[in-house]
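Hey, can you work out the whole structure from these sequences and the hints?
Note that the protein sequences, when read in sequence, are chains A and B.
FYI, in my numbering the residues of the first sequence are 1 to 272.
FYI, in my numbering the residues of the second sequence are 1 to 526.
Source of the hints: derived by calculation from the structure; they are not laboratory data.
Cβ coordinates follow ideal geometry from the N, Cα and C atoms, glycine included.
No false leads were slipped in.
Distance condition first, Cα-Cα at most 30 Å in a straight line; then the derived DSS-like pairs of lysine-lysine:
(1) B/Lys-494 <-> A/Lys-83
(2) A/Lys-236 <-> A/Lys-182
(3) A/Lys-83 <-> B/Lys-22
(4) B/Lys-196 <-> B/Lys-207
(5) B/Lys-322 <-> B/Lys-251
(6) A/Lys-220 <-> B/Lys-495
(7) B/Lys-25 <-> B/Lys-494
(8) B/Lys-398 <-> B/Lys-204
(9) B/Lys-22 <-> B/Lys-494
(10) B/Lys-495 <-> A/Lys-83
(11) B/Lys-494 <-> A/Lys-220
(12) B/Lys-438 <-> B/Lys-114
(13) A/Lys-182 <-> A/Lys-70
(14) B/Lys-125 <-> B/Lys-115
(15) A/Lys-83 <-> B/Lys-25
(16) A/Lys-235 <-> A/Lys-70
(17) B/Lys-32 <-> A/Lys-220
(18) B/Lys-25 <-> A/Lys-220
(19) A/Lys-83 <-> A/Lys-236
(20) B/Lys-494 <-> B/Lys-32
(21) B/Lys-22 <-> A/Lys-220
(22) B/Lys-22 <-> B/Lys-495
(23) B/Lys-404 <-> B/Lys-204
(24) B/Lys-114 <-> B/Lys-526
(25) B/Lys-32 <-> A/Lys-83
(26) B/Lys-526 <-> B/Lys-438
One-sided and incomplete, this derived list gives chain A residues near chain B with beta-carbon spacing under 10 Å:
(27) Val-38
(28) Val-41
(29) Leu-44
(30) Arg-61
(31) Leu-89
(32) Leu-214
(33) Thr-215
(34) Leu-218
(35) Val-230
(36) Val-240
Covered, in the sense of this in silico footprint (three residues per stretch, anywhere, with C-beta under 8 Å from a C-beta of chain A), are these stretches of chain B:
(37) 458-467
(38) 474-482
(39) 485-499
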Amino acid sequence: MSFATWFNGTAEKAEDVEAGQAPQLVAERDGNPLAFHVNPVYPLVIDPVLVGATEHFSVLRTRLLNAHHKTGLRSLIITSPEKEEGKSLICTNLGITLGQLGKPRVLLVDGDLRVRGMTELLGLQNDRGVGDYLQDKAEFQDCIRTTEYPSLCIAPVGDVQEDSMPTLLEGPRWPAFLQRAKEEFDLIIVDSVPITAPIADFELLSGPCDAALLTVQLRKTTREALDVTVNRLEKKLIGVIINNAQAGSGYYADYYGKKNPYYGKSKRKNGA
Amino acid sequence: MATKQKQDLDLSLAGLQYFRFKDYKRLVARRKWLIIATATLVGLLTSVVVYFVPNSYRATTSILIDPGKVPESYVKSTATLTANERLALLRQQILSDTKLSQIIDDMGLYQELKKKEPPLEITRKMRDDIDLEPISYSTGGRADLTAFNISYHSRNAGTAAAVANRLASLFIEENLRAREEQVLGTAEFIDRELAKARQDLEDKETKLGALRARYASELPEAQNAHLQALATLQLEMRSEMDAVSRDQQQKVYLQSLMADSPQVVDLDSGNAGSAPTGLQDQLSRLEAQQEQLRTRYGPQFPDVLKIQQDIDRLQEKIKSAKKTEGPAAAPAVLRPHNPVIDSQIAGIDKDIQAHAKREQDLKSQIDYHQSMLDAAPAASQQIAILSRDYEQAEENYKRLQDHKFSADISTDMESRQKGERFLILEPAQPPSLPYEPKRALIDGLGLLAGIVFAFGLVLALELFDRTIKTEHEITDQIEAPVLAEIPWLVTAAKKRQEQWHNVLAAGASTFLLLMYVGAIAVSLRK
Ligand SMILES: Nc1ncnc2c1ncn2[C@@H]1O[C@H](COP(=O)(O)OP(=O)(O)O)[C@@H](O)[C@H]1O
Ligand SMILES: [Mg+2]
Chain A
1 MSFATWFNGT AEKAEDVEAG QAPQLVAERD GNPLAFHVNP VYPLVIDPVL
51 VGATEHFSVL RTRLLNAHHK TGLRSLIITS PEKEEGKSLI CTNLGITLGQ
101 LGKPRVLLVD GDLRVRGMTE LLGLQNDRGV GDYLQDKAEF QDCIRTTEYP
151 SLCIAPVGDV QEDSMPTLLE GPRWPAFLQR AKEEFDLIIV DSVPITAPIA
201 DFELLSGPCD AALLTVQLRK TTREALDVTV NRLEKKLIGV IINNAQAGSG
251 YYADYYGKKN PYYGKSKRKN GA
Chain B
1 MATKQKQDLD LSLAGLQYFR FKDYKRLVAR RKWLIIATAT LVGLLTSVVV
51 YFVPNSYRAT TSILIDPGKV PESYVKSTAT LTANERLALL RQQILSDTKL
101 SQIIDDMGLY QELKKKEPPL EITRKMRDDI DLEPISYSTG GRADLTAFNI
151 SYHSRNAGTA AAVANRLASL FIEENLRARE EQVLGTAEFI DRELAKARQD
201 LEDKETKLGA LRARYASELP EAQNAHLQAL ATLQLEMRSE MDAVSRDQQQ
251 KVYLQSLMAD SPQVVDLDSG NAGSAPTGLQ DQLSRLEAQQ EQLRTRYGPQ
301 FPDVLKIQQD IDRLQEKIKS AKKTEGPAAA PAVLRPHNPV IDSQIAGIDK
351 DIQAHAKREQ DLKSQIDYHQ SMLDAAPAAS QQIAILSRDY EQAEENYKRL
401 QDHKFSADIS TDMESRQKGE RFLILEPAQP PSLPYEPKRA LIDGLGLLAG
451 IVFAFGLVLA LELFDRTIKT EHEITDQIEA PVLAEIPWLV TAAKKRQEQW
501 HNVLAAGAST FLLLMYVGAI AVSLRK
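Okay, here's the thing in structure tokens:
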């Protein structure tokens with residue numbers, strides 16, 4: 001199946017797929033759903049200042065849901081060639097954007113057990129999470145945090161010791177976690193580690209996932225790192241997210257047209 | 001292997017191959033503060049450095065070359081150097097070490113240098129500080145030097161003007177002196193030449209006169225005399241020759257007479273045939289007789305012919321007699337002696353000798369006249385050559401006289417300053433602005449260099465930046481589609497921070513710009 005057929009079409013079919021499947025356990029169990037707040041450092045799409053940026057995430061959401069409906073894509077891992085390219089940021093914002101839609105049921109998993117970017121960004125450091133499940137210290141339900149959006153749940157990193165990390169993802173626990181998550185959620189999005197990092201984490205994390213999304217940040221990702229990434233990601237890669245893109249100059253700029261009134265106006269990163 | 005090579009290529013281009021025009025525009029916008037700051041800083045540094053370069057003033061005196069009040073076509077000037085040549089000559093003279101060191105001492109120039117540099121080095125420095133620029137306007141195809149500027153560079157404006165004026169007056173003085181010298185020299189030379197030519201002319205004249213006198217006899221008028229003399233001499237010569245032959249006949253006759261007289265035969269000489277001897281005698285007698293007749297009456301005279309027959313017959317007889325006798329020994333005939341005849345013969349001999357001598361005499365005279373006639377053309381040739389020389393000398397003399405006339409006028413003109421001369425068109429004034437350094441120009445170039453350097457710097461930074469810079473570079477390498485292009489998201493707090501940074505950058509740049517403007521203003525004021 002070609003890339004084009006994955007992402008084209010409408011999101012209507014999604015409702016057919018999920019018909020009759022109401023959110024279960026997780027949303028109803030906990031009475032303390034996570035509320036998203038405007039973060040002064042991390043730009044979240046709920047920030048009214050960033051209203052223009054939501055459009056970009058909506059585009060991403062639509063294309064992703066198309067792939068989900070057409071190919072039955074259930075689990076997706078987000079990675080990047082190097083660290084700090086915006087994986088966690090994009091993952092969180094994509095989750096919020098999907099949650100705002102109300103369906104399908106989406107689980108965000110912070111798979112970056114070392115940096116735990118999303119966990120920290122959402123202030124979930126003290127919550128139990130996927131790490132506890134991997135160490136068999138908690139039940140699946142206890143590792144999931146509901147949010148203000150009923151269709152969106154989050155699995156933070158949880159309590160993970162530095163020395164246990166290398167072996168944490170080995171074995172059947174991680175695939176089991178994903179399998180369990182698929183029972184309750186339609187789409188599982190895993191925030192992960194950089195591909196060029198000298199660790200096995202990405203290989204282990206991506207193993208049971210259906211597809212991978214690559215985040216590349218302009219003026220951040222080196223050419224060499226991208227080269228290595230392209231070689232490693234061949235099969236699972238279904239799309240690229242360009243971060244720090246230049247408004248009006250990108251891949252789809254011509255598609256939108258220069259004077260499109262719907263085209264979001266946003267600030268660019270200044271200086272390197 | 002292939003990927004590695006591609007990587008190297010990408011590295012060297014640093015992704016700039018994916019740049020489009022708007023990417024460059026964006027790059028400049030992104031680096032605007034860096035560009036402004038760098039350009040301003042370089043400009044500022046340039047103006048500060050230039051500020052500290054000491055001022056050098058340049059004062060110029062313009063000198064007009066006045067071609068003279070009388071047109072050259074009327075009076076050919078004897079100061080023959082062109083203005084250009086004269087200027088070159090003057091430059092040599094005035095910019096000489098002695099002249100310059102004199103000026104240096106007089107005006108107290110290069111005081112600080114004098115302490116550390118040798119005098120020759122100082123004069124060399126002064127020569128460097130002097131500019132001499134000819135100004136020529138081309139008139140009708142050829143460039144005529146019409147004026148020239150003398151400039152002098154100095155740290156002090158007043159000194160620059162004073163030295164320029166001093167140099168100008170030196171040029172004028174020297175030029176005047178040189179011209180006068182040349183004109184006077186020319187007049188003197190022509191006088192000398194004229195005297196020489198006159199001497200030459202006179203020499204030639206006397207020589208010609210002498211030659212004419214010497215060859216008077218060979219001159220055409222003398223030719224006739226020679227011819228007449230030759231005619232008479234030849235006539236005389238003929239008669240002399242006749243006389244000699246007559247004498248010889250006489251002598252033969254006398255000898256024959258002597259043979260007819262009684263013979264004295266030498267008996268010891270043997271029995272000689274008398275017949276042949278007799279016949280022989282008869283023969284010689286006949287021959288003598290015939291000769292006598294022939295000379296007197298000519299060869300066709302009947303008696304001469306008759307005697308010839310006799311002689312022939314006698315000769316026949318002698319021949320036949322000789323045949324019969326055989327080649328017997330010739331009879332020894334003794335010479336007959338007859339004192340009277342002998343003395344007569346001796347007289348004749350004497351006569352013949354006298355004639356021969358006369359003949360000799362005549363011959364030498366004839367030769368003389370003949371040679372005179374032969375030599376006549378050589379003489380006229382010599383005279384012709386000499387006359388030609390004389391004419392040339394005369395012409396030369398006349399020509400020199402003309403020159404002398406011109407030279408006299410020229411000298412007169414020069415002494416009354418009507419010839420070509422140098423006039424100060426504009427005396428040097430102490431300049432109010434320094435000639436060097438050309439601060440405005442250098443400042444402008446500095447700013448330009450700063451701008452170029454800034455852009456170069458931005459480009460260099462871009463080349464050393466190994467990150468991916470454009471979307472095209474990603475789409476070019478990855479087959480998977482681009483699902484989203486997320487711009488840089490700026491929270492309110494970040495925005496404030498960014499604005500603050502911008503204000504700082506703008507402030508710093510403005511500060512630099514103000515400093516630059518101030519520096520320029522101060523530097524241009526110096
Ligand atoms: N598009 C963006 N706009 C604003 N800031 C960004 C953007 N992308 C990344 N960042 C910032 O970069 C830093 C690293 O982002 P993060 O998502 O933690 O990277 P990663 O998870 O890949 O290590 C964060 O401080 C984030 O706020
Ligand atoms: Mg992260």
